[in-house]
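Student: If you want the building blocks of each chain, they are given just below.
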Amino acid sequence: MGTFLVRRILGSIPIIFGVALVVFILFNIVGGDPALMMVGKHATAQQIADIRREYGLDQPLYVQFFHYLKDIITFDFGRSYATRQKISDMILNGIGPSLSLTLPAFFITTVISVILGLLVSYFRGGIIDRVAVILCVIGMSIPSLGYILFGQYYLAYELRMFPISGYDYSFPGRFEYLVLPMILWLLLSVGYDVRFYRTAMLEETTQDYVRTARAKGLSEPRVFFKHVLKNSMVPIVTNVVLEIPLLILGSFLFETFFGIPGLGSITIDALHNSDLPVIKSMAFVMSLLLIFGNIITDIVYALVDPRVKLK
Amino acid sequence: MSTLTTTPDSIEIGQPLPKGRSLWQLGWMRLKQDRYAIVCASIVLFYFLIALLSKLDLIASPWDMKVADSYAPPSLSEFKLWLGADIFGRSVMYKTIYGTRTAIGIGLVVTLLSIPIGVFLGAVAGYFGGWIDEIIVWFYTTLSSIPSILLLIAISYALNRGITAMYVALVSTSWIGMARVMRGEFIKHKTREYVIAADSLGASHFSKIFKHILPNVSHFIILNFSMQFMGAIKAEVILTFLGVGIQGTPSWGNMIDDAKLELARGVWWQLTGATVAMFFIILAFNILGDSLRDALDPKIK
Amino acid sequence: MGALKVMFNQKNFLVIVSAFSLAVTVMFTSCSKKNTLDPTNTFYTSSIAKIKGLDPAFADDLYSGIETTRIYEGLLEYEYLKRPYALRPALAEAMPVISKDGKTYTFKIKKGVLFQDDKAFKTTNGKGRELVAEDFAYSFKRLADPKLNSPMWWLLDGKIEGLNEWRESAQKAGKADYSAKVSGLKVADAATLEIKLKARSYQFIYSLAMPAMTAVAREVVEEYGPEFLNHPVGTGAFKLAEYNPSSQIVYVRNPTHRPDFYPTEGEASDQSAGLTGDAGKQVPFVDKIVMTVHVESQPLWLNFMQGKLDAAGIPKDNFAQAITTTKELTPELKNRGIQLIKEASLDVTHTSFNMTDSVVGKNKFLRQAISMAINFPEEIELFYNGRAISAQGPIPPGLAGYDEKTKNAYKEGNIEKAKALLSKAGFPDGKGLPTLDYLALSDSTARQMTEYLQKSLAAIGIQLKVQTFSWPEFQQSLKNKKGQMWSYAWSADYPDAENFLQLFYSKNAAPGPNDSNYSNPEFDRLYEKSLTQNDSAERTALYKKMSEMVMEDTPWVFGVHRVTYCLSHPWLKNYKPHEFNHGMSKYYKIDTSLRK
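Protein chains in written order, with numbering that gives the first Met the number 0: chain A, 0 to 310; chain B, 0 to 300; chain C, 0 to 595.
Keep in mind that the hints are not guaranteed to be accurate.
Unchecked claim - Covered stretches of chain B, as calculated for chain C (at least 3 residues, CB under 8 angstroms):
#1 209-222
#2 253-260
Claimed, not checked - Incomplete in silico selection of chain B near chain A, CB under 7 angstroms:
#3 S144
#4 F205
#5 S206
#6 I281
Since the hints were made in silico from the structure, they are not lab data.
Cβ coordinates follow ideal geometry from the N, Cα and C atoms, glycine included.
With these hints in hand, go ahead and build the complete structure from the sequences.
Tutor: Okay, structure coming up:
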């Protein structure tokens with residue numbers, strides 16, 4: 000286990016380097032001149048040149064890349080061009096609200112989807128399965144904007160069941176504002192997840208051990224809820240890891256409509272503002288999360304699936 | 000890398016099938032008996048037909064004519080008014096149809112470009128292994144470690160947006176899934192008896208890859224095709240919503256983006272048009288995907 | 000929940016599960032309703048953009064300008080009620096004494112004005128110290144500090160004697176020396192500041208009322224360093240209480256605010272609007288301001304309708320719910336006592352032509368044909384709900400130089416005439432004319448407006464190739480003279496038509512603000528002449544003449560002047576929209592008995 004971890008972490012160094020390279024290349028040819036954004040509508044050529052020098056933007060790209068590598072290794076992300084705030088502070092301030100919304104929403108969605116996924120794969124091919132497909136696809140086709148506008152207007156404004164928008168930094172206080180976005184998140188993503196888990200579970204039902212279990216005379220529900228579910232953990236965890244970026248970026252629309260000061264809107268704002276230091280930091284942080292999420296996945300694989308050995 | 004091979008993308012499929020009744024023939028027989036699959040296949044074909052007719056300017060043309068007042072509500076009096084009018088009084092029905100053409104176009108371009116790339120790179124990596132494998136795996140792991148939505152936006156920005164930029168962005172992110180599956184399958188198949196037999200008969204690498212192994216794993220391509228097609232259609236909507244999508248011609252993404260400015264005043268028809276159009280094709284692809292998976296699954300006899 | 004149990008039989012999941020279930024339990028037990036509206040004397044307001052921080056040196060946009068000036072004050076401020084807009088002393092004892100040559104402004108600073116308490120004031124044990132003339136010299140030098148890169152440096156660039164030299168030596172030294180004297184910012188004694196200009200300027204005085212020119216305290220700036228933008232300490236009516244720049248900022252009344260009174264003069268209509276009852280009373284009236292960011296219009300509107308915001312502009316798409324076709328309030332809102340106030344904005348939207356371009360820049364008739372092809376009444380209906388005035392020239396109503404009677408000859412929305420002009424330009428029915436490069440912004444509204452322009456021009460045979468950009472990319476293209484046409488709006492920095500006419504002055508060409516790169520020696524001559532004159536009939540005549548020149552030459556298709564419709568709840572008193580909303584919240588009053 001220990002050697003596995005070391006190997007995996009060492010193995011992720013080339014990946015991290017690759018991510019830094021791709022992020023740097025893409026975002027250095029993207030977007031407008033940050034100098035212009037900083038001095039605004041009355042900019043003079045002199046001022047633009049001053050800023051470019053000040054921020055090292057006039058240096059050759061490889062030098063800039065070297066600086067970027069140095070910054071990310073030391074976790075010194077610098078300051079945003081647009082808001083002039085420290086990026087590490089922006090990330091730290093945004094991560095709480097983001098995760099307060101997305102982690103519970105994501106967790107509930109996963110639990111409900113796994114249960115529904117089991118049910119529909121249990122009733123595979125039957126009428127319940129067919130109806131579920133239709134419902135799931137309806138859920139997947141309606142754009143998130145539709146859910147948000149509708150939920151905010153009817154549930155929050157007309158029926159006054161929830162606050163319209165807002166956020167409270169006090170710990171339990173914040174959830175009063177987050178319940179509605181969480182419900183909408185659930186509606187939005189349960190369709191896709193159920194479809195995914197249904198597929199994954201059906202693959203398991205064709206495995207030999209299921210046949211063995213059935214042959215042993217185990218009842219069908221027992222086969223499903225014990226053996227199939229347990230062995231579906233691998234695809235479930237895979238899906239969970241794949242959705243890590245969503246935990247941060249996926250809440251973007253919820254954040255702007257419900258006034259939640261999270262990381263999603265920081266990232267999208269940065270894209271619209273050509274705020275390169277923020278984009279580069281966010282892309283890098285999220286990639287790191289994904290890479291380490293993948294390592295954790297592998298460990299979980301080994302824990303739930305005895306067929307997998309960690310070397 | 001761990002020694003893991005069991006991912007949902009790459010299930011273990013028993014032994015290559017005996018000659019005579021190929022996987023495909025078997026699959027086709029099964030598919031024909033599946034009523035739902037037939038209906039869904041017809042729906043998909045119907046969408047392709049609409050797209051083709053629209054491409055030939057036979058229906059919903061011209062879409063940019065003023066046919067009613069600004070934001071005229073739906074009326075059953077004429078086909079083009081069934082879904083009302085947009086801000087400039089243009090027929091939302093026509094825009095939905097034109098949007099179908101845009102969506103099918105995107106789906107086709109993206110899948111037809113990304114699947115060959117994915118198949119080729121995955122096959123080469125899995126078949127040859129060694130440093131070729133390492134490089135290809137490094138490359139796609141790097142790309143897939145960057146959240147795809149950021150990558151999509153970045154590539155679109157870098158290529159000055161517009162439809163070409165979107166094609167490149169979607170192709171460069173969507174080949175990865177195919178490559179992963181193919182690599183896994185080729186690693187499994189290259190040590191199978193039939194490949195070893197072909198090898199002993201002096202078959203070239205090229206012939207082993209494309210003549211022997213590929214036909215045995217080709218059903219993954221079909222499954223991947225339907226998934227990517229859906230993915231591309233939905234990505235268009237998201238990208239347009241983020242301001243890096245299609246300009247000037249109708250697309251479902253544009254229509255949904257417009258809804259942001261319209262829903263508050265009670266104009267629901269553009270959103271509905273685009274959503275319903277998206278709903279049926281995604282539904283059809285979903286059910287068809289399920290049926291194909293069942294039909295091509297060699298374990299179900 | 001049997002499935003759940005099985006699923007988490009794995010003990011490795013126990014930790015995660017318990018963490019999650021804790022979160023879920025907390026979430027559901029905390030749903031008890033609490034009253035979100037503070038019953039106290041609070042003004043609830045909103046901003047449609049995130050606030051970039053509260054450092055006056057970076058307050059270059061409307062929204063951070065509004066927020067910083069709740070805390071910071073300058074030498075001068077705008078009269079709240081008077082129109083046309085006029086200045087009055089704020090931290091200055093009186094309006095400045097201006098020397099005969101118009102170059103030296105002498106200010107006496109008010110005595111006994113205190114900065115808000117902050118731990119940075121070490122010599123007074125955290126009590127705010129008294130404001131002195133040196134604070135202004137320091138604050139103005141900050142705008143010139145090359146390390147700060149203030150976007151507001153243009154206000155002083157080349158204007159104050161010795162300041163550019165100070166900036167250059169700071170650039171050479173790599174660090175600004177704030178103790179070095181600048182001859183144009185002379186501190187005669189603790190209460191006297193003499194500003195010396197390089198040349199006479201009649202527009203300079205307006206800059207003294209802008210957010211960037213407010214007084215900051217050197218101790219505070221140096222205490223917090225780069226974090227100063229999150230630690231505002233001013234002399235204003237409010238001080239910072241809670242600060243989350245991307246969601247909510249809360250201010251409370253500053254107990255040490257100077258004697259500061261509600262204006263006694265205003266427009267004739269102010270009395271009937273109920274704005275004069277508090278004349279001469281000490282401000283502020285409210286104890287607290289809660290400012291919430293609402294980027295999207297739906298939550299803004301719904302919160303206003305639920306009474307959680309005291310005032311709001313009407314988002315375009317909620318217009319039908321609030322306003323009848325005759326542009327009055329709907330009965331529903333009227334019954335709730337909601338007030339509608341219309342206020343013309345000092346701005347102009349426009350489509351610029353790149354005058355350095357060999358096609359559109361060299362062919363006046365082509366530009367006129369394009370201007371002629373657009374149906375502005377329809378555009379105003381579609382995109383502004385009728386809340387705009389078709390612009391004839393660059394100067395908006397409300398400024399000297401605007402003339403209702405002047406009509407732009409190329410704004411009729413007449414397809415036939417447009418086609419005739421296009422033939423005259425040498426491109427009958429668009430034949431021979433290449434597709435024009437149009438630069439557009441990428442948001443939804445801009446996309447619809449671009450489609451409208453494309454449609455209008457297609458009707459006379461002109462095709463546009465649209466490229467979309469984010470705002471910084473858009474600016475970059477303009478500064479680099481790329482593209483042939485593009486559209487955006489210019490809002491006044493100060494209430495003088497010069498601010499609009501300088502957009503056509505050839506020496507301001509890109510990367511300066513004249514991004515159409517219009518160049519006309521005769522215009523330049525008149526412009527330079529107008530700069531030497533104070534507000535007078537003669538200068539107004541010059542402004543009109545310049546306006547007419549650009550109307551004929553059409554370097555811009557003049558778009559519209561927008562009109563803001565503001566709604567306020569009955570409990571909000573003394574509310575009058577202001578184009579230069581700097582520090583105006585101190586005049587607002589809440590009738591707590593009316594608030595539910």
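Student: Evaluate each hint against the coordinates.
Tutor: Do the hints match the structure? See the list:
1. Chain C is given as covering the stretch 209-222 of chain B, and this is violated because 0 residues of the stretch bring a CB closer than 8 angstroms to a CB of that chain, at least three being needed.
2. Taking a C-beta to C-beta cut-off of 8 angstroms, the stretch 253-260 of chain B contributes 5 residues in contact with chain C, enough for the three needed, and the coverage statement holds.
3. At a threshold of 7 angstroms, the smallest CB-CB gap from B:S144 to chain A is about 5 angstroms, leaving the interface hint in force.
4. Restraint check, B:F205 versus chain A: the minimum CB separation of about 29 angstroms is more than 7 angstroms; hint violated.
5. Look at B:S206: its Cβ only gets to about 31 angstroms from chain A, farther than 7 angstroms, so that hint breaks.
6. The interface hint given for B:I281 holds, since its Cβ lies 5 angstroms from the closest Cβ of chain A, which is under the 7 angstroms cut-off.
In terms of the numbered hints stated before, the structure departs from hints 1, 4 and 5, listed from lowest to highest.
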